[in-house]
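Using the sequences provided together with the hints, build the complete structure.
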Amino acid sequence: MKHLLLLHGAAGAKDQFEPIIPSLSGVYQVHAINFSGHGGENSRASIFSIALFAQDVLHYMAVKQLETVDIFGYSMGGYVALYIARYYPEKIGKIITLASKLHWDEAIAAKEIKMLNAATIQQKVPAFAQQLAARHGSQHWETVLEKVSNMLLELGNANTLQLHDYNHITHPVLLLLGDRDKMVTMDETLAVFKQLPNAQMAVLPGTPHPIEQVNIPVLVFFIQWFLK
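Residue numbers (the numbering used here): -13 to 214.
The set of hints was computed from the structure by calculation and includes no laboratory data.
Hints may contain errors.
Quick list of simulated restraints, FRET-style, between CB atoms [claimed, not checked]:
id	residue 1	residue 2	range
1	V204	N184	19 to 27 Å
2	I7	L149	15 to 23 Å
3	K214	D1	23 to 31 Å
4	N28	W211	33 to 41 Å
5	Q117	S9	19 to 27 Å
6	N143	L176	19 to 27 Å
7	Q51	R30	33 to 41 Å
8	A120	N201	33 to 41 Å
9	Q210	L52	29 to 37 Å
10	N153	A119	38 to 46 Å
11	R30	A104	32 to 40 Å
12	M169	N143	35 to 43 Å
13	P191	L149	21 to 29 Å
14	N143	V49	29 to 37 Å
Calculated lysine to any residue pairs in the SDA-like style (CA-CA distance at most 25 Å, straight line) [unchecked claim]:
id	residue 1	residue 2
15	K0	Q210
16	K(-12)	Q51
17	K214	Y46
18	K100	K168
19	K180	L149
Don't be surprised by glycine CBs; every beta carbon is placed ideally from N, CA and C.
Have a look at this one:
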């Protein structure tokens, strides 16, 4: 049975995959982890970075004695999967990304950081603040947002993966993008798609960015179809 590792997005956690896992468990040995500092996990470093989260994956694989895994990465999780494929290619089989923001610059980072202001979230979207507190801990969720914001600033200053890096990723990759995604553009996804030597791409209908609003049967279909 193949091992499938699920990687969550920035300020997310593995609990977001609970609606998906039952549909995949009969076909794959499914794994899901929390990145450092997320979901109540201790952080392995004082700052967040794509490299740090990649090390989280490699550490988990070492502990579980997994030589290779296929990966489904949502949003930032997809970025981490591609980073591992670039620098630790022997650890990865196939990769599926969904709603992964792959182009960053200073303007984009500044825009995204505005939506991660803890005080604004508490004032304008208290239900979301409660959700974040439940996910990361009432004493830690604001710190998670602050560290994610700092990571995005760094990505804006110097994108961890440049377009030429994708030329070196020869793994089978499926890039999924929702047609209602307001964070990830078609142009940036196509730009990476054209650089990847062994990639496919699909657009999910009626699908915005949040994974909670994804049509689960449609997503599961694409995962199973690509990994078979």
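Verification of the hints:
1. V204 - N184: 19 to 27 Å: Hint holds: Cβ distance 23 Å, inside 19 to 27 Å.
2. I7 - L149: 15 to 23 Å: Once the Cβ atoms are compared, 33 Å apart, the range 15 to 23 Å for L149 and I7 is violated.
3. K214 - D1: 23 to 31 Å: 27 Å, holds
4. N28 - W211: 33 to 41 Å: For N28 and W211 the Cβ distance comes to about 37 Å; the hint holds.
5. Q117 - S9: 19 to 27 Å: 23 Å, holds
6. N143 - L176: 19 to 27 Å: The hinted range 19 to 27 Å holds for N143 and L176, with Cβ atoms some 24 Å apart.
7. Q51 - R30: 33 to 41 Å: Taking Cβ atoms as reference, Q51 and R30 lie about 20 Å apart, which means the hint is violated.
8. A120 - N201: 33 to 41 Å: 25 Å, violated
9. Q210 - L52: 29 to 37 Å: 20 Å, violated
10. N153 - A119: 38 to 46 Å: 42 Å, holds
11. R30 - A104: 32 to 40 Å: Check failed, 23 Å falls outside 32 to 40 Å.
12. M169 - N143: 35 to 43 Å: Since M169 and N143 have Cβ atoms about 19 Å apart, the given range 35 to 43 Å is violated.
13. P191 - L149: 21 to 29 Å: Cβ of P191 to Cβ of L149: about 28 Å, so the range 21 to 29 Å holds.
14. N143 - V49: 29 to 37 Å: 33 Å, holds
15. K0 - Q210: 20 Å, holds
16. K(-12) - Q51: 14 Å, holds
17. K214 - Y46: Cα-Cα ~24 Å, so holds.
18. K100 - K168: 15 Å, holds
19. K180 - L149: 10 Å, holds
Violated hints for the displayed structure, listed by number in ascending order: 2, 7, 8, 9, 11 and 12.
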